[in-house]
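**Student:** What follows is the residue order along each chain.
Protein chains: 6
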Amino acid sequence: MEFTHFDNQGNAIMVDVGAKAETMREAIAVGKIKVSPDCYQAIIGGTAKKGDVLGVARVAGIMATKRTSDLIPLCHPLMITKAEIQFVLHPESSEIEARCTVRCSGQTGVEMEALTGASVCLLTIYDMCKAIDRAMEITAVYLQEKSGGKSGHFVNEVHL
Amino acid sequence: MEFTHFDNQGNAIMVDVGAKAETMREAIAVGKIKVSPDCYQAIIGGTAKKGDVLGVARVAGIMATKRTSDLIPLCHPLMITKAEIQFVLHPESSEIEARCTVRCSGQTGVEMEALTGASVCLLTIYDMCKAIDRAMEITAVYLQEKSGGKSGHFVNEVHL
Amino acid sequence: MEFTHFDNQGNAIMVDVGAKAETMREAIAVGKIKVSPDCYQAIIGGTAKKGDVLGVARVAGIMATKRTSDLIPLCHPLMITKAEIQFVLHPESSEIEARCTVRCSGQTGVEMEALTGASVCLLTIYDMCKAIDRAMEITAVYLQEKSGGKSGHFVNEVHL
Amino acid sequence: MEFTHFDNQGNAIMVDVGAKAETMREAIAVGKIKVSPDCYQAIIGGTAKKGDVLGVARVAGIMATKRTSDLIPLCHPLMITKAEIQFVLHPESSEIEARCTVRCSGQTGVEMEALTGASVCLLTIYDMCKAIDRAMEITAVYLQEKSGGKSGHFVNEVHL
Amino acid sequence: MEFTHFDNQGNAIMVDVGAKAETMREAIAVGKIKVSPDCYQAIIGGTAKKGDVLGVARVAGIMATKRTSDLIPLCHPLMITKAEIQFVLHPESSEIEARCTVRCSGQTGVEMEALTGASVCLLTIYDMCKAIDRAMEITAVYLQEKSGGKSGHFVNEVHL
Amino acid sequence: MEFTHFDNQGNAIMVDVGAKAETMREAIAVGKIKVSPDCYQAIIGGTAKKGDVLGVARVAGIMATKRTSDLIPLCHPLMITKAEIQFVLHPESSEIEARCTVRCSGQTGVEMEALTGASVCLLTIYDMCKAIDRAMEITAVYLQEKSGGKSGHFVNEVHL
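Residue numbers (the working numbering), protein chains in the order written: chain A, 1 to 160; chain B, 1 to 160; chain C, 1 to 160; chain D, 1 to 160; chain E, 1 to 160; chain F, 1 to 160.
The set of hints was computed from the structure by calculation and includes no laboratory data.
Heads up, the list lumps identical chains together, so a pair's fine if it works in one copy or across two of them.
Quick list of in silico lysine-lysine cross-link-like pairs, DSSO-like style, CA-CA up to 30 Å: (1) K20 - K82; (2) K34 - K82; (3) K20 - K150; (4) K150 - K82; (5) K150 - K34; (6) K82 - K32.
Start from the sequences and build out the full structure, keeping to the hints where you can.
**Tutor:** Below, the structure written as structure tokens:
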């Protein structure tokens with residue numbers, strides 16, 4: 001079991017993916033933010049009048065998928081061909097779940113793009129709600145599924 | 001209970017903080033990544049030879065605190081005067097905890113900077129370990145403490 | 001009549017504002033995009049179901065105010081304390097007008113931030129509507145008003 | 001008539017272009033800035049001694065074409081293979097016209113890159129001249145021509 | 001003799017400058033690029049017709065001073081109040097020398113901004129001339145002088 | 001002998017590489033920083049306790065390769081497939097040499113990416129050591145080797 005992001009002297013490198021095949025790749029990452037019941041109602045009741053927290057957070061998440069290689073040091077730049085964020089609401093637990101799907105045709109996967117998109121989306125919800133609730137918590141950010149590349153289709157079985 | 005990031009028509013705005021006092025502000029955010037026991041050993045055993053995952057992740061997290069207002073749409077630009085990331089190891093649960101502390105003298109708090117630093121730090125660990133373990137999960141990202149500004153000292157009591 | 005962005009050899013410089021007083025500064029810039037009547041209806045009818053073009057464009061414009069000194073070579077970095085974008089609708093001419101207001105306390109004005117915010121907001125409307133209408137046109141982007149600093153209050157009289 | 005930047009629930013998405021053919025694409029965008037006659041003379045008389053406003057603005061516009069997907073939320077990242085800006089002078093009306101041409105081989109067009117390049121170029125002229133003339137106005141920013149992709153050759157007939 | 005960019009466990013940190021006095025700070029950094037005699041002539045002969053290599057490089061250097069804290073991991077963000085680049089020509093050795101002066105009022109110095117500005121300026125000359133000369137060399141990049149802050153006035157004596 | 005980064009009127013352009021073949025390209029750039037003997041010992045003795053200057057500088061250099069087209073005005077954006085930085089130590093002269101290797105499959109070379117990576121790596125060493133030694137000097141930054149593209153294999157003979 002070895003890290004691929006270090007050379008054989010242990011130095012961090014951006015690994016060479018130049019010999020890998022260019023295939024269609026997709027990744028779906030998810031994550032949740034747990035808020036107070038009052039805050040949950042304020043978010044969900046978002047209308048044009050009250051402010052569209054989820055709409056702003058969606059834009060932030062999509063934009064963040066494009067900044068991934070600026071943020072994650074050893075991540076390759078990629079030409080994303082699709083990015084979207086869907087929200088799943090959990091009223092019973094006052095949680096908002098963000099699901100970020102990213103696609104590209106490239107030599108390496110888009111897991112980090114999807115995870116970064118979900119994370120920044122949730123951080124944006126935090127930012128917009130922090131005047132109401134300071135004890136919010138971001139939880140369960142993980143890769144749910146990926147396809148494309150040599151390693152093939154992966155589904156996160158821990159969360160099935 | 002009202003959002004401060006919308007005007008009275010519900011339009012997203014970057015709120016005016018120009019009238020707020022400039023005070024010394026600090027925020028501490030934490031977050032964890034749960035990895036497999038094998039992956040945990042590989043990270044913790046990181047020496048110059050095997051690759052310093054946490055060293056790279058720390059740099060990524062510190063750099064991300066400086067990009068916060070680029071990522072979070074309604075976040076004000078701030079002149080951070082300090083940023084640091086400390087790791088707390090949880091061998092019993094194979095978790096790495098990142099604690100990001102940010103300070104600035106300004107008119108608005110640095111919660112988002114600390115949360116963004118912790119999040120990008122954990123995403124970087126994910127990136128460097130994903131060849132070993134694809135079922136990692138980022139959890140419990142929250143604001144632990146903040147001080148400065150009108151609202152005074154806040155300690156997250158949920159997590160005491 | 002001399003440019004201030006060049007030294008006396010004609011070399012471009014970021015002029016020294018270090019000796020200028022730090023005052024509260026505000027600028028309001030406006031701009032319009034003219035679209036086809038059908039496109040106008042599609043934008044204005046934007047609801048959660050049909051897609052909120054103006055909501056996305058507003059976020060883009062606000063974020064762009066923070067990137068101004070990255071884009072405009074000789075523009076000073078500034079700590080914006082407020083940014084907002086309001087839309088004025090002109091159904092008779094199928095035009096959407098964006099008004100971007102920016103404030104900061106600093107040694108130089110925020111005209112460029114307001115103009116950049118309005119411009120990127122209008123470009124984002126263009127982007128989201130270009131599948132419907134390719135002959136849109138951005139017009140009348142100018143500084144409407146500014147205050148603060150040695151030169152005092154300015155109101156664009158051409159457009160009164 | 002439907003927007004392509006929203007899914008069928010009306011949520012903003014970066015649309016999937018992964019199935020589109022990779023073709024050579026070109027776009028030409030134009031835009032003008034109207035300045036006072038005195039300011040026009042100062043710009044046009046730009047020599048090494050007096051300061052090369054248009055030279056700086058050209059560089060800014062070219063660099064901005066590369067930042068387009070950072071600025072426009074739902075715009076795909078693209079590998080631009082050419083960017084240039086030409087100026088057309090209109091002494092009779094004291095207007096400077098910027099024409100930005102962008103090319104790439106990709107799955108989606110470069111209209112937004114050309115429009116962003118022209119806009120930032122004009123904003124830079126504004127910035128460098130604002131000490132002389134505060135009533136300048138950016139006008140007539142539009143797509144003049146595009147080629148490549150499924151929709152083929154487009155020429156803006158409104159402006160012929 | 002101890003590094004200030006590590007805590008007492010040796011972890012990289014962005015050091016706390018919050019307690020330092022805000023003073024006017026200036027730094028001057030220099031650097032040279034050695035080119036072939038033919039290339040030198042081509043650069044120096046740069047007129048509007050032949051292309052203004054130094055003009056483009058100056059703009060790039062000034063813009064880079066504003067990106068310093070994005071590039072240098074532990075560098076504090078700063079509000080630069082002045083940035084300029086002057087060229088000193090060395091025809092006898094076919095060298096172009098760039099001198100970058102940066103000023104700000106802040107709690108930490110602007111050495112890195114001046115050094116980054118000079119370096120990116122020289123890299124831009126390299127980029128524009130590499131079709132003519134591939135054996136160019138950037139040399140003698142150092143801090144020539146700085147003032148402000150607790151450590152007072154520094155002049156690089158090695159190079160007097 | 002003509003510059004390729006200007007059109008025939010002498011205007012700066014990002015040259016059209018759309019017709020060039022996509023080939024595997026590699027570039028190796030080197031550069032050195034000369035520090036005082038005491039500073040050299042402090043860097044080389046870097047352990048987890050004392051702080052890993054070279055580890056942080058390596059990360060900064062790798063990240064900078066990805067920002068090259070943001071910094072260098074007429075540089076094309078490229079999809080880097082590999083980036084690494086190796087250090088060669090010169091104890092006799094108290095110099096640290098950084099060697100940056102970059103690869104991509106593209107229509108234009110990666111010289112600027114390698115040179116930018118080496119430069120930012122050395123600037124980061126400077127930043128981390130400037131509290132110990134202010135007279136450091138960056139020297140001998142040049143392209144050592146490149147391959148791929150029409151011009152074929154280049155080795156810098158000046159430095160053999």
